[in-house]
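Participant: Here is what each chain is made of, one letter per residue.
There are 2 protein chains.
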Amino acid sequence: MPRLRDAGELEALRRLIAARAADPTVVVGPGDDAAVLRPEPGMDLVATTDAFVEGRHYLPEWLAPAGLGGRLAAANLSDLAAMAAEPRWALLSIGARADHEVEALEALEHGLEQALRSEGAVVVGGNIAATEGPEWLSLTLLGEVAPGRAWARRGARPGDLIAASGAPGRAGAGLRLARSLGVKGRERVPAEWQALVDAWLAPRARVALARMLAATGAVTAAIDLSDGLLGDLGQLCRASAVGAEIRGEAGGSDPLLARAAKTLDVDPFDLWAGPSDDYELLLAVDPSRRAACELAAEAAGVALAFIGGCTDASGAIERLDGGSRRTLDPTGFDHFARG
Amino acid sequence: MPRLRDAGELEALRRLIAARAADPTVVVGPGDDAAVLRPEPGMDLVATTDAFVEGRHYLPEWLAPAGLGGRLAAANLSDLAAMAAEPRWALLSIGARADHEVEALEALEHGLEQALRSEGAVVVGGNIAATEGPEWLSLTLLGEVAPGRAWARRGARPGDLIAASGAPGRAGAGLRLARSLGVKGRERVPAEWQALVDAWLAPRARVALARMLAATGAVTAAIDLSDGLLGDLGQLCRASAVGAEIRGEAGGSDPLLARAAKTLDVDPFDLWAGPSDDYELLLAVDPSRRAACELAAEAAGVALAFIGGCTDASGAIERLDGGSRRTLDPTGFDHFARG
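Protein chains in written order, with the working numbering: chain A, 35 to 373; chain B, 35 to 373.
Hints were generated in silico from the structure; no laboratory data involved. Warning: the hint list may mix true and false statements.
[As the list claims (entries may be wrong)] Some chain A residues judged to face chain B by a derived CB distance under 8 Å, without partners named:
id: 1; residue: 63
id: 2; residue: 66
id: 3; residue: 113
id: 4; residue: 116
id: 5; residue: 160
id: 6; residue: 174
The beta-carbon is built from N, C-alpha and C at its ideal position, and this holds for glycine as well.
Let the sequences and hints guide you as you build the complete structure.
Facilitator: Take a look at the structure:
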């Protein structure tokens, strides 16, 4: 099977980032010193970059190359969804070992392209560098948004509602279950847990939901869930200089998560709100426009739960259970922290 | 001294990519899910990405963090110069070990920012991922160019002249000398070789020269010298479906390179044309507009040598010495090839 050291860097690069289909916005595609793109005149440009490191962000036994490419796309697409931007163009930077099979790299790139293309974006350039250590993938994704219409983390006001899409916490629960089961590979996971493991392995970014919600004008601030609900809510609150109160029962409404919490012997609320890269949207919403958001979510076919509200207690995040109220610690992932 | 594992990823990231100065084109800067940028309406967007891997593309004993940041900027700026684009916005993706000193990362980022800013670009976003292996840096650089005015590798015609900026081959010669001297660190390099070692360690991208040359309308195709003159000329010829003939004496005109060739016991032409990442420009030029290019280069204060011409022998690169003519093998670097 051909490997990078056989095929040669340039040849591999050429095969890897060859344009698979013409796109009218791509004036000069992959294979030149840079790509030349034609944005819609007058639109703002939105740019994000996210990277995965082998052994840290993915394990080959859990993610085949195509799935890995799709997950990398989702992580970046989710950042653009959180800004209400339309994904357009991507550049892929790879650090690979010389014994990497060219076919596996092509499968990865194909998975990435498919996931991007399903949301309207194309790969327009890239780079492959040789490494002798853990491999890595870094994607930069560019999108467009009408001037002044991008969402940001800042903008939430006391009194705004807080909403979350999908089923937060499932990705983190899937990862913890996979670890606790001691198995390697999705096919060895008992059927009852596969939906959770899939939430971890194959998340889907909420680009379409963001598009529909943006049209309502109801969203005052947004962030995507990549660290976990509590950690990301903390970021949104800090950027907006507001506090938040979250209803405790919101953390117990996902029956699958409740079952996992029992198996893992943890509080379902902690599973729901703790470290988890779900790539869902967390939003602050003008309370007078809640109904429009609910209609938009219905049209997009994605659950949208109103889980609490913003307060003027800047930076404080509280959990409400009936009459009781306690302050939570909004700590997300820290990949560099001492193990 | 604080290290990444102490400071925590988020804090390090925040300090690292904090906007150092306001820029009117940056609507939402570092610290949100994505950056929001305001391009000049109607311009084309130009995008490139280039990465350095520790031990492969840089050695800590040869490049202090600030110099490494500057060199990464130069590699990407050079790609935009080769498209005649104005550099605007950059996103930095880092893979770092937990014991990396936060101060060293800040110095790196500062060196990168300074080099970018001197050519009109700002850092608008980034990512830090943890790795346990060789560290890596991946930069994506975005620029602007008037629609239809970007240079590309394709476009050269038989009869066009071939020109190279600066002093090609010096970077490769500097690297070979550094290796042959067996020293570690620029300050241990004898004074007579420091200009060559500096060409390798601290190249300067030809953004200003490209801007002036673009104004002449004389350039029909362009590529930057990142693999070596012969390798990159081969790429330009393949993309343009032309051949090239290079005058042998052009390879002997740099006295410093001639002296290095003697010390290294190699042909000065091979040193000039062989593997070397000089980040100079290699151009195909309309012969009727040579004088305009010479004036532009003079105005930019950069040497521009006319070293040969394009032929209709598609893909063939020949060396002319007086009456003799021989075909050269246009092979550049291949970082994955068997050592």
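Participant: Now, for every hint given, state plainly whether the structure supports it.
Facilitator: Results for each hint:
Because the closest C-beta pair between residue 63(A) and chain B is about 10 Å apart, greater than 8 Å, the hint is violated. For the restraint placing residue 66(A) at the interface with chain B, the shortest Cβ-Cβ distance is roughly 5 Å, inside the 8 Å limit, so the hint holds. Look at residue 113(A): its Cβ gets to within about 4 Å of chain B, closer than 8 Å, so that hint holds up. Interface restraint check for residue 116(A): the shortest CB-CB distance to chain B comes to about 4 Å, inside 8 Å, so the restraint holds.
For residue 160(A), the interface hint holds, the least distance from its beta-carbon to any beta-carbon of chain B being 7 Å, beneath 8 Å. Of the supplied interface hints, the one on residue 174(A) holds, with its beta-carbon coming within about 4 Å of a beta-carbon of chain B, less than 8 Å.
Hint 1 from the earlier list is the only one contradicted by this structure; the remaining hints agree with it.
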